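J.: The lines below spell out each chain.
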Amino acid sequence: MSPNPQLNKDGGLRHLLTIDGLPRAILTHILDTAESFITVSEQEVKKVPLLRGKAIFNLFFEPSTRTRTTFEIAAKRLSADVINLNINASSQSKGETLLDTVDNLSAMQADMFVVRHAQSGAAHMIARHVAPHIHVVNAGDGRHAHPTQGLLDVFTIRKYKGEFHNLRVAIVGDVLHSRVARSQIHALTTLGVPEVRVIAPKTLLPTAVEQMGVQVYHDMGQGLKDVDVVIMLRLQNERMRGALLPSAQEYFKYYGLTPDKLAHAHPDAIVMHPGPMNRGVEIDSAVADGKQSVILPQVTYGIAVRMAVMSILAGN
Amino acid sequence: MKIQIKNGRVIDPKHGLDTHADVYIAAGKIAAIGDAPKGFQANRVIDASGCIVCPGLVDLAARLREPGFEYKATLESEMDAACAGGITSLACPPDTDPPLDEPGLVEMLKFRAQNLNQAHVYPIGALTQKLEGARLTEMAELRDAGCVGFSQADAAITDTQVLVRALEYAATFGFTVWLRPQDAYLAKGGVAHDGFVATRLGLPAIPASAETVALATILLLVKETGASVHLCRLSAAESLAMVRRAKSDGLKVSCDVGINHLHLTEMDIGYFDPNYHLIPPLRGLRDRDAIRAALADGTVDALCSDHTPVDEDGKQMPFGESEPGATGLELLLPLTLKWAREHHVALPDALARITLHPAQILGLNAGHLGVGQAADVCVFNPETQWIVAASALKSQGKNTPFLGYEMQGKVRATLVDGHVVFEG
Numbered sequence: 001m002s003p004n005p006q007l008n009k010d011g012g013l014r015h016l017l018t019i020d021g022l023p024r025a026i027l028t029h030i031l032d033t034a035e036s037f038i039t040v041s042e043q044e045v046k047k048v049p050l051l052r053g054k055a056i057f058n059l060f061f062e063p064s065t066r067t068r069t070t071f072e073i074a075a076k077r078l079s080a081d082v083i084n085l086n087i088n089a090s091s092q093s094k095g096e097t098l099l100d101t102v103d104n105l106s107a108m109q110a111d112m113f114v115v116r117h118a119q120s121g122a123a124h125m126i127a128r129h130v131a132p133h134i135h136v137v138n139a140g141d142g143r144h145a146h147p148t149q150g151l152l153d154v155f156t157i158r159k160y161k162g163e164f165h166n167l168r169v170a171i172v173g174d175v176l177h178s179r180v181a182r183s184q185i186h187a188l189t190t191l192g193v194p195e196v197r198v199i200a201p202k203t204l205l206p207t208a209v210e211q212m213g214v215q216v217y218h219d220m221g222q223g224l225k226d227v228d229v230v231i232m233l234r235l236q237n238e239r240m241r242g243a244l245l246p247s248a249q250e251y252f253k254y255y256g257l258t259p260d261k262l263a264h265a266h267p268d269a270i271v272m273h274p275g276p277m278n279r280g281v282e283i284d285s286a287v288a289d290g291k292q293s294v295i296l297p298q299v300t301y302g303i304a305v306r307m308a309v310m311s312i313l314a315g316n
Numbered sequence: 001m002k003i004q005i006k007n008g009r010v011i012d013p014k015h016g017l018d019t020h021a022d023v024y025i026a027a028g029k030i031a032a033i034g035d036a037p038k039g040f041q042a043n044r045v046i047d048a049s050g051c052i053v054c055p056g057l058v059d060l061a062a063r064l065r066e067p068g069f070e071y072k073a074t075l076e077s078e079m080d081a082a083c084a085g086g087i088t089s090l091a092c093p094p095d096t097d098p099p100l101d102e103p104g105l106v107e108m109l110k111f112r113a114q115n116l117n118q119a120h121v122y123p124i125g126a127l128t129q130k131l132e133g134a135r136l137t138e139m140a141e142l143r144d145a146g147c148v149g150f151s152q153a154d155a156a157i158t159d160t161q162v163l164v165r166a167l168e169y170a171a172t173f174g175f176t177v178w179l180r181p182q183d184a185y186l187a188k189g190g191v192a193h194d195g196f197v198a199t200r201l202g203l204p205a206i207p208a209s210a211e212t213v214a215l216a217t218i219l220l221l222v223k224e225t226g227a228s229v230h231l232c233r234l235s236a237a238e239s240l241a242m243v244r245r246a247k248s249d250g251l252k253v254s255c256d257v258g259i260n261h262l263h264l265t266e267m268d269i270g271y272f273d274p275n276y277h278l279i280p281p282l283r284g285l286r287d288r289d290a291i292r293a294a295l296a297d298g299t300v301d302a303l304c305s306d307h308t309p310v311d312e313d314g315k316q317m318p319f320g321e322s323e324p325g326a327t328g329l330e331l332l333l334p335l336t337l338k339w340a341r342e343h344h345v346a347l348p349d350a351l352a353r354i355t356l357h358p359a360q361i362l363g364l365n366a367g368h369l370g371v372g373q374a375a376d377v378c379v380f381n382p383e384t385q386w387i388v389a390a391s392a393l394k395s396q397g398k399n400t401p402f403l404g405y406e407m408q409g410k411v412r413a414t415l416v417d418g419h420v421v422f423e424g
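Going line by line, the protein sequences match chains A and B. Everything in the first sequence is counted per the working numbering, starting at 1 for the first residue and increasing by one. Everything in the second sequence is counted per the working numbering, starting at 1 for the first residue and increasing by one.
If you are wondering where the hints come from, they were derived from the structure by calculation, not from laboratory data. Bear in mind that the values here come from a model prediction, so they are computed numbers and not experimental data. Some hints could be false.
Derived lysine to any residue pairs resembling SDA-like cross-links, with alpha carbons at most 25 angstroms apart [what the hints assert, rightly or not]: (1) B:K315 <-> A:R128; (2) B:K315 <-> A:P132; (3) A:K202 <-> B:Y185; (4) B:K29 <-> B:A374.
Let the hints inform the model, and build the full structure from the sequences given.
T.: Now the structure itself:
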């Protein structure tokens, strides 16, 4: 196997493709850097000149509003020039290959690609292909990884809980299809969370999920017992009825986060969700809007974390 | 043309021959091994010092990509690759475009191959029209055109009744049906083994049960219909246990595995390397070890290249969208030798799995060096080391998981019908 493709020869971060295999020191450095950017976002003039003159291309082969917007804001606060491309609408339909697109944009003097793609491994492939000075940030590839989401989630947890070494964290829902869950699991285990649980029906869990270092629960009452953090996953519409699940109603009844079920968790537990939420499917509005919810702060912190990632990459 | 291959170690598994001797070839046939026939005057002497002289290799699965996929490979390029790999007979699966489901297509392929005067090409005909798994092909007509068996290649038959009928019809004429067991629904959308790597990389998975469920169906139907079935490219440990039981129950089945699955596992996918995107998927370590043991103990009859040249565009894609398959004609021999060394298999036994046994599965009088036999011969140096690189491969497909690997064992000369078709 080739060496970790995200690191340069000095062990610094060259691309951010996945949290899997990144050392704890790099994660902590990103979180600490993000902390310093929180204040930037609170200033009247929300800009720092760190990436002035850099061209960042948001390459979205899959539709996204929230992630693309937060990347765009983060890049602009770092004073970079941002170009947004929604590619399923343009060149892919003309038969241009993924790497042709990347080559063309590289020729336009790109410094960084922020990539979202429906295929697991797409960001790795682009990273293998680009010139040495170009950095690639994975903004979600298939079911594989969504590292900045994983980072903003652990950033949020650190904000509210302070430490990682004494936490129980439960991730609830469609782990099988979730790049967010995979990145969260790697981030949490790397940062030393001693107990990461996943809670879902068997149809929504990948075969070897235990080998990722998590404990598997199929019952919400048992799985949520005494946890400090509850992370809900989004359930895609097309998976709500069929051979994976019989109906959204039954799913909500057994796996939807309601105040009753949340009562099994530690009284100080926080509730997180990567968004966008399906209210009444995976989460009850009373919880989503309740006092334990930190879902909106997650969005705010997402900008600081993405600023941290882009500034660290550009500095290496 | 009279040829003398001298000073080599001659290994012929069929005749239990493993000795230092000279091989004498006249009129395209093996004239003698050991003492020269009376008055033999060689026109040509091949010095095989330090080399092994064995029957030409017989490969049970080589996609030549004609007709239809000439941009991936042509008959010329792939026949060159076969000869460079020491292969003198090869079977090609019917998944061309159009598939080999009409006698005219088969005749054209045979004709094109014969004109090249290189390895013997044995087409496997399509079992169903367009490989759609619905209507049977004209199997008897296809046999008359040159097909030596019938297969669905990698297309599954989802309708089990069609499978039963196909087996019955083939059994009527005594044809062998070649099947790669795969349940189309369990494998749907999958690109990697359903294990830790697919879990971690978020790749849609193909469970081992996609193979074993289909295999169980096939074995039950073989028992019921009395059909002769050759099982292709088995990949799961449990499949091999099932075949072992079926054989001890006296069922008429044979089976093969591919070179990549003999050496690699899901872990080798690394960071989404599309060269490791194969059909069936690379499975776990336990499966790989079971394949190595089953090939040694005879549960698996033959090893094949499963040669599938893919052009660069087909591999320059995210793993799941990339075209599956690997080039293999030039790696069949060195990867057999690698297995033999690592698994402590005697060289004659190892060579039998790529010469005599596959010839028997094809029903050919080939894969041995009997006197009077067509002189299909492979001469190779078992010690020569070489690095697998695009430039080292004659095949138009440069896609192999073994790029950059060091191989031991290289073909010095290949003879088909007493003609030297390759010298390295």
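J.: A separate judgement is required for each hint: does it hold in the structure or not?
T.: Hints versus structure:
For the suggested pair K315 of chain B and R128 of chain A, the alpha carbons sit about 13 angstroms apart, so the restraint of at most 25 angstroms is met. A C-alpha spacing of about 22 angstroms is found between K315 of chain B and P132 of chain A, which places the hinted pair at or below 25 angstroms, so the restraint holds. Among the hinted pairs, K202 of chain A with Y185 of chain B is consistent with the structure: their alpha-carbon atoms are about 18 angstroms apart, no more than 25 angstroms. For the proposed pair K29 of chain B and A374 of chain B, the alpha carbon gap of about 4 angstroms is at most 25 angstroms, so the pair holds.
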